[in-house]
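Peer 1: Protein chains in written order, with this note's numbering: chain A, 1 to 184; chain B, 1 to 168.
It is worth saying that the hints were derived from the structure and are not from the lab.
Hints may be right or wrong, so weigh each one.
[What the hints assert, rightly or not] Derived DSSO-like pairs (lysine-lysine); straight-line CA-CA distance at most 27 angstroms:
(1) Lys31/A / Lys56/B
(2) Lys7/B / Lys88/B
(3) Lys7/B / Lys40/A
(4) Lys88/B / Lys31/A
(5) Lys105/B / Lys88/B
(6) Lys56/B / Lys40/A
(7) Lys88/B / Lys40/A
(8) Lys31/A / Lys47/B
The lines below spell out each chain.
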Amino acid sequence: MLEGNYRLAAAIFLGIFCGFLLVKSDLAWRKTCLNMFLLKDGRLIKTLLFSLGSGVALIYYLQYAEIITLHVRPGFFWPSLIGGIISGVGLALCCRVPITVIAALGAGRLYALWTLAGMLLAISFVDLISGPLSSSIYKWSTPLDAPQKADYFLNPANPALWVIGVSFISLLFIQFVFSGEPEE
Amino acid sequence: MRILTGKWSFYINGAFLSGMIALCLYLFQDTVGMNDGMIMISEYAGKTVEQTTEHKEIDLPPLDWQTGFLGGIFIGALAAALMSGNWKIRFFQEKESGIISRSLKTVLFGFSGGFLVMLGLQLAGDSFLGQWSGALQLSGGPWIFLVSCFAVACGVAILLEQRNAGGE
């Protein structure tokens with residue numbers, strides 16, 4: 001594990017790569033994200049499905065080989081569901097998530113400043129209402145179980161196998177449906 | 001040179017995205033989401049407003065690995081956009097006629113959308129990259145979040161599009 005300045009330097013280099021990737025994959029552009037939500041463009045859906053399938057396999061094997069350890073924040077059913085619905089409405093309006101706002105600003109889309117301002121204000125707002133939140137939706141359900149680890153990869157009870165299978169079958173389907181669009 | 005100037009295929013993008021998350025887990029041994037970085041920036045913005053109104057000296061922005069990552073994204077996107085000829089100054093999100101309509105739409109959609117996206121992410125407990133990383137690690141919460149988020153985003157976007165088409 002990296003510490004101190006090495007950690008900071010690695011984060012900056014990875015951030016530069018991430019910014020590059022967001023522009024190259026079209027994730028930074030509002031129009032392509034909107035077209036994905038309108039089911040008019042399969043490029044981003046294919047990117048996300050491929051990332052899901054390959055990422056689950058990669059993380060499964062890296063964890064199996066004890067190269068990495070899993071790090072997830074504890075999840076709760078109702079906050080995740082309500083949070084997903086609220087974020088979904090916001091995403092349909094601005095078509096941006098925090099990292100793509102930063103990438104859009106880097107690419108000169110100054111109107112993304114409004115989105116960034118809204119995001120920063122939301123953090124302060126959540127800070128203000130954290131008391132009522134802690135005593136309401138976070139108490140409606142117990143924390144969800146930690147990710148389960150299967151003994152071997154081809155075990156039918158291995159959730160990773162199912163996610164990879166469904167991702168790649170969906171990818172093939174979407175590739176077929178959007179086969180007419182130009183792919184650079 | 002085409003790798004620097006052209007678009008990348010979906011499988012290259014997808015593989016790099018998942019590889020980057022795995023590398024972050026290996027290097028930082030921490031949740032990959034940049035939630036803490038955004039919280040630091042929000043606190044810094046609030047503190048700067050206070051210092052400005054009280055005519056005090058303004059502190060330097062916080063430099064942690066998470067804010068460093070966000071700064072890196074800005075530099076990387078700037079470089080990629082310049083190399084591919086996509087760097088353009090844009091003040092409005094849509095090319096509509098009428099400056100008042102364009103301005104209102106940009107401010108309203110941008111600000112309210114950003115507020116709602118971050119509100120939902122804060123309720124769910126992590127930023128979008130963190131949720132994606134959690135989904136790759138097969139955690140239940142991020143899957144609930146991502147499925148509901150994409151389903152609602154598609155539904156609302158289609159409704160808004162139909163409403164716009166009906167109004168024209």
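Peer 1: List, from low to high, the hint numbers that the structure doesn't satisfy.
Peer 2: 1, 6 and 8
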